[in-house]
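Taken in sequence, the protein lines are chains A and B. Take 1 as the starting number for the first sequence in my numbering and just add one per residue. Take 1 as the starting number for the second sequence in my numbering and just add one per residue.
The set of hints was computed from the structure by calculation and includes no laboratory data. Treat the hints with caution; some may be incorrect.
[What the hints assert, rightly or not] With a straight-line cut-off of 30 Å between C-alpha atoms, the simulated DSBU-like cross-links for lysine-lysine are:
#1 B:LYS317 - B:LYS289
#2 B:LYS202 - A:LYS93
#3 A:LYS96 - B:LYS289
#4 A:LYS202 - B:LYS289
None of the values given here were measured: they were computed from a predicted structure.
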Amino acid sequence: MPSIRELAKRESRFVSGHRLCAGCGAGIVMRLVLLAIDKPVIASCSTGCVEVASTIFPYSSWKVPWIHSAFENSASTISGIEAAYNVFKREGKIEKEIVFVGFGGDGGTHDIGFQALSGAAERGHNVLYICYNNQAYMNTGIQRSGATPKYAHTTTSPVGKVIPGKIQWQKNLVEIMVAHGIPYAATSIPGRWNDLVNKVEKAIKINGFKYIEVLSPCRLGWPHEPELTMEISRLAVETCLWPLYEVFEGKYKLTYKPKEKKPISEWFKLQGRFRHLLLPQNTQLLEEIQKEIDRRWENLLRKCEEI
Amino acid sequence: MGIKVAKTGNEAFAEGMRQINPDVVAAYPITPQTEIVQIFSQFVADGLVKTEFIQVESEHSAMSACIGASAAGARAMTGTSSQGLAYMWEMLYIASGLRLPIIMAVVNRALSSPINIHCDHSDTFGARDSGWIQIYSENVQETYDNLIQGVRIAEHPDVRLPCMIMTDGFILSHCLETMEMLTDQEVQEFIGKPPERENLIKSAIEGNPITIGALDLQDYYFEHKRQQAEGMKNALKVIPLIGKEFGEKFGRYYSFVENYMIEDADIGIVVIGSTAGTGKEVVDNLRKKGIKAGLLKIRVLRPLPVEEIRDSLKNLKVVGIMDRVEGMNAFCGPLYSEIATCLYDLEKKPILTDFVYGLGGRDVKIEDIETIFNDLLKILEKGKKEFTLKYIGVRE
Numbered sequence: 001m002p003s004i005r006e007l008a009k010r011e012s013r014f015v016s017g018h019r020l021c022a023g024c025g026a027g028i029v030m031r032l033v034l035l036a037i038d039k040p041v042i043a044s045c046s047t048g049c050v051e052v053a054s055t056i057f058p059y060s061s062w063k064v065p066w067i068h069s070a071f072e073n074s075a076s077t078i079s080g081i082e083a084a085y086n087v088f089k090r091e092g093k094i095e096k097e098i099v100f101v102g103f104g105g106d107g108g109t110h111d112i113g114f115q116a117l118s119g120a121a122e123r124g125h126n127v128l129y130i131c132y133n134n135q136a137y138m139n140t141g142i143q144r145s146g147a148t149p150k151y152a153h154t155t156t157s158p159v160g161k162v163i164p165g166k167i168q169w170q171k172n173l174v175e176i177m178v179a180h181g182i183p184y185a186a187t188s189i190p191g192r193w194n195d196l197v198n199k200v201e202k203a204i205k206i207n208g209f210k211y212i213e214v215l216s217p218c219r220l221g222w223p224h225e226p227e228l229t230m231e232i233s234r235l236a237v238e239t240c241l242w243p244l245y246e247v248f249e250g251k252y253k254l255t256y257k258p259k260e261k262k263p264i265s266e267w268f269k270l271q272g273r274f275r276h277l278l279l280p281q282n283t284q285l286l287e288e289i290q291k292e293i294d295r296r297w298e299n300l301l302r303k304c305e306e307i
Numbered sequence: 001m002g003i004k005v006a007k008t009g010n011e012a013f014a015e016g017m018r019q020i021n022p023d024v025v026a027a028y029p030i031t032p033q034t035e036i037v038q039i040f041s042q043f044v045a046d047g048l049v050k051t052e053f054i055q056v057e058s059e060h061s062a063m064s065a066c067i068g069a070s071a072a073g074a075r076a077m078t079g080t081s082s083q084g085l086a087y088m089w090e091m092l093y094i095a096s097g098l099r100l101p102i103i104m105a106v107v108n109r110a111l112s113s114p115i116n117i118h119c120d121h122s123d124t125f126g127a128r129d130s131g132w133i134q135i136y137s138e139n140v141q142e143t144y145d146n147l148i149q150g151v152r153i154a155e156h157p158d159v160r161l162p163c164m165i166m167t168d169g170f171i172l173s174h175c176l177e178t179m180e181m182l183t184d185q186e187v188q189e190f191i192g193k194p195p196e197r198e199n200l201i202k203s204a205i206e207g208n209p210i211t212i213g214a215l216d217l218q219d220y221y222f223e224h225k226r227q228q229a230e231g232m233k234n235a236l237k238v239i240p241l242i243g244k245e246f247g248e249k250f251g252r253y254y255s256f257v258e259n260y261m262i263e264d265a266d267i268g269i270v271v272i273g274s275t276a277g278t279g280k281e282v283v284d285n286l287r288k289k290g291i292k293a294g295l296l297k298i299r300v301l302r303p304l305p306v307e308e309i310r311d312s313l314k315n316l317k318v319v320g321i322m323d324r325v326e327g328m329n330a331f332c333g334p335l336y337s338e339i340a341t342c343l344y345d346l347e348k349k350p351i352l353t354d355f356v357y358g359l360g361g362r363d364v365k366i367e368d369i370e371t372i373f374n375d376l377l378k379i380l381e382k383g384k385k386e387f388t389l390k391y392i393g394v395r396e
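Work out the full structure, taking the sequences as your base and the hints as a guide.
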C-alpha cells in the first residue's frame, strides 16, 4: 500500500472545480478510490449528487473515461463496458489492463439500482462497485431511502407529532452482497484513508464482482457542520454503527476494532436528523437503537471470530 | 449469392445477428419473450460468433448494458418485444440521446393490460418519438434484409442513432417462409467495420479521458437535442442510399415506402407490416373488377418520410389508414395522425379515414380489408366521410 506521501504525489483523477457541497463526503470517496488505482480506469456513475455536481456540461471533474446513463443502471452499464472490453481483448484488439468501477449512491444502489446490481454480481463481471452511502436521496432534497437509519428525519419521513422519523431499519446491503457469493465485499469511510485505499487496492486484484460500501457523511442532509465530515465518519465506526470489515471469499475480517465502543448518542448529537432522539421523552427510542446496534455488532464479531 | 431457405421471422433475425457477429448482445426473456435470443444463445454456445453475450436480469439492464457496450466502442445488439420494450422505455431515449448506434430486433406484440402475447403495433408505436430509427417488415425476407441494412443506417457518421427493426409477432415471428439468405461473407462485406467514433475504451487506452452523459442544463441541452434531430433528418438521406446499395448487390431494393398500384388509384389503404401482403391480394382482386384501388406500405416510420408519403397519396381521392394500434385519444389511431400530418399542407388532398384492426393478434382476413375498401368506395361516391374511425373485426 502507498504511503500518504506517495498517494499525494499521484495525479488526482477526480479534480477540483466540482460543485459538491463544502464538507461533502462523496467527493473525498471518489478521489481516494481513483488514487488507489494506478491503472487505466473506466467508470460508470448513477444519477445522483456526484453525477450532477461533477459533470455540468461542458465541465467535468473526471480524469478517467466516465459514463452516466440513468439512476438505476450503473451496474448494468459497467457490465456492458466490461463485456465490450472482453471481446476486444479476446480478439487481440487491446492488451492494456483496464479497471472497471461502478459508482452509485445509496438510492441508486440499495433501492432503484438493486436489481441491476444484483444481476451484475450474479453474472460475476470483473467490476468494482463503490456505493457512496449518504443514507438518503440527498440530491433530490433529502428523501428517505432503504439505507436511511431508523428514526432519522428526512423530508419524506419527517419527525412529526405521532411518527418519530423513518420507522424502518436500514437495509444491510453489504450482507446481501456477501450472500451473492461475490469474492469481495467490504465497508469503509472517508475518514480512514488507509482503510479505503487498502480495500480498493485489494479488490482490484481480485477477479470477479467486488462491492465496497462507503459511509459518506452529508452535511446538508444529516446535517452536520462541514468541518466534521471526517470525524463524523470515524465516529460512526467508533460507535459500531458502521463497523469496518471485509469479506474475502466468504471469510469475515474486522479491519478496525474500536478500543472503546462509544454510545450511539455521541454520533446522533452531531446531526440534526437525530435531534429528537436526544429529548427526554424519546429515551426509549434511543435505547431501542442502541440495543440493535449492540446486537448487530456482536453478530459481526462472531462472524469475524473476534469472540 | 445467397441461398433459398425456410425460416421463421425469429430465425431470420437470429441468423442475421449471427452473420452481423456483434461484439456484445445483452438480452432478457420478459413475457412475452422472443425466440431470437435463445437461438442466438446456441450460436454463442457453439462458438459461431465472437459475441460477449450478457444474460441480463431485465430489459432495462439489457438496454443499459448495450448503452455501456456501445459507448465503449462495441457493436451492440438486443432483441425484445411488447412489455420488454415498455420496460426499456427510459433507456431508449438515453441510447438515442447519447447517439449510440445500437441495433434492436423487435417482435411487435400487444401491450398489457390485458396481458396478450400476440401481434399488434402498440409497443413500437409508443416508442416512435424516442429518437430511434424505426423500420417495419412485411415478411420474413424483409425482416432479415432490414436488420442487415439497419446496421449501416445506424452507424452512418451522419446519422449515429439507434435503430429498431420490426417484425409482426407470430404472423411473421413464428411462421416459416421461404427467403434468400446471404452468405456470411456477403453480410460482413456489406456491413463493414463500424466507422470509428470516440468511445470509453479508446479513451482509456489513449489516456485522453472523455465524459459521456454529463448534466446538460438550460445552456446546452437544446443544442444537443437539435443535433440529434439533425441526425434523424440525415437518416432521410442515408436510408435510401443503403437500400439502393443493398439492391444493387443482392437484387432486393428498399426505400421508405412501397407503392402498390397506387400511381393511378382513386382509393387506397395505408398499412404497416404483414397486413400489406393481405392488402395487396385485395387490391389485385379489386383491380380485376376494374376498381382503381392501391396500397401504400410504410416501411420506415422514423424518420417520417413526409415527401414520399405525399407523393404516393396526393392524387388519391379517398385513403383508409389501417392502424394496428388504438391511440386512446378518443379520435383516431396514431398512424392516421402521422399520415394526416403529412398531407395537411397539400392543397389538393384525399379524404382520410381510419380503421383500427387486429389488436392483440385478432386475425385480419381478406374480407376485412374488402370491408374497408367498400367503405372507401362509399365515401368516394358521396364525396364525404361519415366517420373518422371505424373498428374492424371487433365484437361490439
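Now the hints, each set against the structure:
1. The suggested pairing of B:LYS317 with B:LYS289 holds, with an alpha-carbon distance near 18 Å, which does not exceed 30 Å.
2. The hinted pair formed by B:LYS202 and A:LYS93 meets the criterion: a straight-line CA distance of about 11 Å does not exceed 30 Å.
3. Straight-line distance between C-alpha atoms of A:LYS96 and B:LYS289 comes to about 71 Å, which puts the hinted pair past the 30 Å bound.
4. Under the criterion of a C-alpha separation no larger than 30 Å, the hint pairing A:LYS202 with B:LYS289 is inconsistent with the structure, at around 81 Å.
Comparing the model with each numbered hint stated earlier shows that hints 3, 4 do not hold.
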